[in-house]
Amino acid sequence: MNIVVCVKQVPDTATERKLRSDDNTLDRDAADGVINELCEYAVEEALRLKEAHGGEVTVLTMGPAKASDTIRKALAMGADKAVHLVDDALHGSDALGTSHALAQTLKKIGFDLVVLGSESTDARTGVLAAMLAERLGVPQLTFANQVQVDGGAISIQRVTDYGYDKVEASLPAVVSVVEKINEPRYPSFKGIMAAKKKPVEKLGVADAEIDASQVGLANSWSEVADFAVAPPRAAGTVVKDEGDGGVKAADFLASKKFV
Amino acid sequence: MSEILVLVEHVEGQVKKVTLELLTLARKLGTPAAVWTGAGYSPEAQARLAEYGAEKIYVADSAEVSDYVVAPKAELLAHLVGERSPVAVLVAATAEAKEIAGRLAIKIDSGVLTDVVGIEEGLVADQSIFGGGINVRSRVTKGIPIVAVRPNATPVEAAAGAGTEERVTFTVSDAAKGARIVERVKEEKGARPELTEAAIVVSGGRGVGSAEKFSIIEELADSLGAAVGASRAATDAGWYPHQFQVGQTGKTVSPQLYIAAGISGAIQHRAGMQTAKTIVAINKDPEAPIFELADYGVVGDLHQIVPQLTEEVTKRK
Chain F
0 MNIVVCVKQV
10 PDTATERKLR
20 SDDNTLDRDA
30 ADGVINELCE
40 YAVEEALRLK
50 EAHGGEVTVL
60 TMGPAKASDT
70 IRKALAMGAD
80 KAVHLVDDAL
90 HGSDALGTSH
100 ALAQTLKKIG
110 FDLVVLGSES
120 TDARTGVLAA
130 MLAERLGVPQ
140 LTFANQVQVD
150 GGAISIQRVT
160 DYGYDKVEAS
170 LPAVVSVVEK
180 INEPRYPSFK
190 GIMAAKKKPV
200 EKLGVADAEI
210 DASQVGLANS
220 WSEVADFAVA
230 PPRAAGTVVK
240 DEGDGGVKAA
250 DFLASKKFV
Chain C
0 MSEILVLVEH
10 VEGQVKKVTL
20 ELLTLARKLG
30 TPAAVWTGAG
40 YSPEAQARLA
50 EYGAEKIYVA
60 DSAEVSDYVV
70 APKAELLAHL
80 VGERSPVAVL
90 VAATAEAKEI
100 AGRLAIKIDS
110 GVLTDVVGIE
120 EGLVADQSIF
130 GGGINVRSRV
140 TKGIPIVAVR
150 PNATPVEAAA
160 GAGTEERVTF
170 TVSDAAKGAR
180 IVERVKEEKG
190 ARPELTEAAI
200 VVSGGRGVGS
210 AEKFSIIEEL
220 ADSLGAAVGA
230 SRAATDAGWY
240 PHQFQVGQTG
250 KTVSPQLYIA
260 AGISGAIQHR
270 AGMQTAKTIV
280 AINKDPEAPI
290 FELADYGVVG
300 DLHQIVPQLT
310 EEVTKRK
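Chains F and C, in that order, give the protein sequences. Following numbering that gives the first Met the number 0, the numbering of the first sequence begins with 0 at its first residue and continues without gaps. Following numbering that gives the first Met the number 0, the numbering of the second sequence begins with 0 at its first residue and continues without gaps.
Treat the hints as calculated values from the structure; they're not laboratory data. Some hints here could point you the wrong way.
Stated by the list, open to error - Calculated lysine to aspartate or glutamate pairs in the EDC-like style (CA-CA distance at most 20 Å, straight line): (1) Lys-239/F x Asp-284/C; (2) Lys-141/C x Asp-160/F; (3) Lys-107/F x Asp-86/F; (4) Lys-106/C x Glu-119/C; (5) Lys-316/C x Asp-250/F; (6) Lys-141/C x Asp-68/F; (7) Lys-176/C x Asp-250/F; (8) Lys-201/F x Asp-68/F; (9) Lys-239/F x Glu-286/C; (10) Lys-15/C x Glu-55/F; (11) Lys-15/C x Glu-156/C.
Same shape as in the complex, but just chain F:
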């Protein structure tokens, strides 16, 4: 099975995340770049499917040159090779543009199964997997907490507000995973060393046959008009429990008319 796992480098949530004042896009230099957490679960699931069914795992990322760190991390976990979509023309692409660029690349490199994290910690739109399924014309198996492949058939448990839906489809397909699905492995020392020798193919907009009029900030379908740092929450009253902490909390709730 030819599995492609899409990963994204995001600013570390633990550092201060900013937007750039010149073009209102994410300031990728202000914060440390790390692999998006849910992408690690996607890599893990791809590796487990490969271990169970054979085949190959290719990492695909779109991002600036420094996103190569994120590729190395996925390769160190055990993926076989990588494709890095890197081109200045891609800067500032919105979800529609990003999904076009990734879909074109996926068509070019081929796949039986595409695996993604269900959302990123920076943009948090949660729409990319659905958009890829739409653009590729393949079944959408998203928000999975369990994936099973049997020959050309695939089934998942799709997490819902009330529990989960059992969903069935045929390959090729797009899957997105939630964190409950597995426990991602840590790269071993051997894995880290091996990752340095694994092939990473760099593709630009023209190489991947991406329509340049569909990507980049200027071609986005939406724009950030302006932004402002939210005023910090003012700290309130903190009391120590002297045996009446619950009563005091109830007094506070009553003062705010919650009780």
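Dock chain C against chain F, hints included.
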């Protein structure tokens, strides 16, 4: 005025509060037209949608629209957009409705904005990003704006609309039938309100200590008519089901009141709750970062404080 399509969220025919919020919002922008998908449409549902301003209700309740993941609903909306040329399409910022919005955006070549907390004149949308750290104003620049609005972001106001029902004749394409839902499994959640819709949320974290002890969190929630949430530490430990996780990799909530018990307030958790109007924290560690954003904090053992609070709330009702 032109139509604003509002995708209805409902649970087995019961219209969810977020839909009433969307209708309230839609009235400011144009003429609200509700879009019903799936089984459960009834005169009661029609009356409810009309009460909050739906002039028209497009009903597509055939099984094939809801028997497959997301794609048929996006196709239905694209069909209605083609027929009605609305000014905008509003959906709730739930996981599924955002996916519908995303696929619709491609189909009608239009921009999509997600997790919007308000819409101003000229369809400028307010978004709160990076866990509430930055407020952004955005707009769609191509096509018909598709806007996914967060639950609890808009105060609901009734204002009667005609509520004229219009059956939609529409056939789902084979291409949209790729992922078939073969079973819907419901997990027990009792009579509590849904997490993202609830006016009050009571969450427990590492300090709760065990799955059994989550009963004191549930009892407090029930005394307040609240939903129950959990921090990632608690869901990872298996003390509470994963779908109730509040935080960066879980749900984002913006209730009127958020009570955090035994939650330290790591940035990942704060990303999911710091836009709550009022925050109350109970934690034994006086240095816990949750106290930095709490309007009211109690330092002490939640196993003493929470049951006492439940008792007081029940007494004062």
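So, going through the hints one by one against the coordinates:
| no. | hint | verdict |
| --- | --- | --- |
| 1 | Lys-239/F x Asp-284/C | holds, 10 Å |
| 2 | Lys-141/C x Asp-160/F | violated, 32 Å |
| 3 | Lys-107/F x Asp-86/F | holds, 17 Å |
| 4 | Lys-106/C x Glu-119/C | violated, 26 Å |
| 5 | Lys-316/C x Asp-250/F | holds, 13 Å |
| 6 | Lys-141/C x Asp-68/F | violated, 34 Å |
| 7 | Lys-176/C x Asp-250/F | violated, 55 Å |
| 8 | Lys-201/F x Asp-68/F | holds, 14 Å |
| 9 | Lys-239/F x Glu-286/C | holds, 12 Å |
| 10 | Lys-15/C x Glu-55/F | violated, 44 Å |
| 11 | Lys-15/C x Glu-156/C | holds, 14 Å |
Comparing the model with each numbered hint stated earlier shows that hints 2, 4, 6, 7, 10 do not hold.
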